[in-house]
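> One-letter residues, chain by chain:
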Amino acid sequence: MTLARETVLELMGLADGALEGEAKARAERLVASDDEARRLVEALKASPVGDFVRESVARSTDAAAGIADAVMIRLGPGATPNAGEEGVVRLAPRPRRRSAHGPAIVASVGAGLVLAAAIALYLRSGSPRADDDFAPVASVVLPPVGMPVPSASQGAEAKATAAAGGVEVNEIEAPSRAVSVFEIPMGAAAAAANPGRSSVVIWVEEDAGIAK
Amino acid sequence: MNLRRVSTPLASLFAGAALSGSASAGPSRGSATLEIAVIYAAQSDAGASIDPALQDLPQLTRDQPFVRYNVYKLLERTQQPLEAGKPDTYGIVNGRTLQVTLVDVTTGAAPHLDRRYHVRAAIGEPGKQAFLKLLEVTASQGEPFFVGGQSYQGGTLFLELLVR
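From first to last, the protein sequence lines stand for chains U and D. Each position in the first sequence, counted from 1, maps to that position plus 353 in this note's numbering. Each position in the second sequence, counted from 1, maps to that position plus 48 in this note's numbering.
Source of the hints: derived by calculation from the structure; they are not laboratory data. If a hint is listed, it holds; no wrong ones were tucked in.
Okay, derived cross-link-like pairs now, SDA-like style, lysine to any residue, Cα gap no bigger than 20 Å in a straight line: (1) LYS377/U x ALA357/U; (2) LYS181/D x GLU559/U; (3) LYS181/D x ASP560/U; (4) LYS398/U x GLU363/U; (5) LYS176/D x PRO528/U; (6) LYS121/D x PRO106/D; (7) LYS176/D x ASP560/U.
Working from the sequences, and respecting the hints, build out all of it.
See below:
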């Protein structure tokens, strides 16, 4: 896959219906000729929360950069400074806020998770991974300001609750620390008992306020 | 920061609607056994080594965040009873305390009939800001999850938590 960050953003614009003129024609030509580009657009369009994703991206260039980073990670080591951080939903550290901002923080986290899920869906729809290609999931760095999308966030919560099996992280609270959630395969014993499921690593940065 | 409801795999956020038939039966209070494994991890130029007692770890070391380290040693493995609503505390080697509370136990509806344990955990240290103020996880019986990131002797600690 050779999509550049700018191309990914342009494809997101195409999925969003925001492109016009030459940019739209260029993006459509790329989709017609490039399978990866087509899958990305299809994933963004077909996602059950596609509207939410597009809305979120439109409101935050940081979030767009996060998606681009996730795609760039898929390109291979060295494609991005975050290469090798596969399988992580990273939450940027923020000062603890009082109750007036609580819903916005939760919404922001929810938005990040849905963005990550959208990318995961896209990535998992691709070709079978090679043996040395381990975790085709996403890395999302949330923007510093919460995105006002509480309704979509609540929808994601409801769906997560309905999912069965595996390990479900309901809530994490680590004031002033960066928290990442890594999806990992089950260990051999657990996998034998529960095939197809995965587990998580909740990674909390030791140094408050410092994200690796 | 706060994080609510991350489900793995992440794509299950989307699959949830299709799985609505697997909604769990009503919660019930109960008891369980908490298994805690304290794993020390470090990066060493002297070469990789994995404690033979960590039988499931080798395959995980290909994945983040385990891939960051090449030396793994099991420091302690213990089992503690959990009673719903009663916090259980465990002293970690770095001086912090892990507190785990069983919130409730549910049994899934068909086809997922396994027991699922809703637990609440925290890691703190007297007089200091909590390392992990709150972690709420719902895990199926025997399915482990990890809490990592605590610095310890030039490396880090992974706490493997498993409820059965």
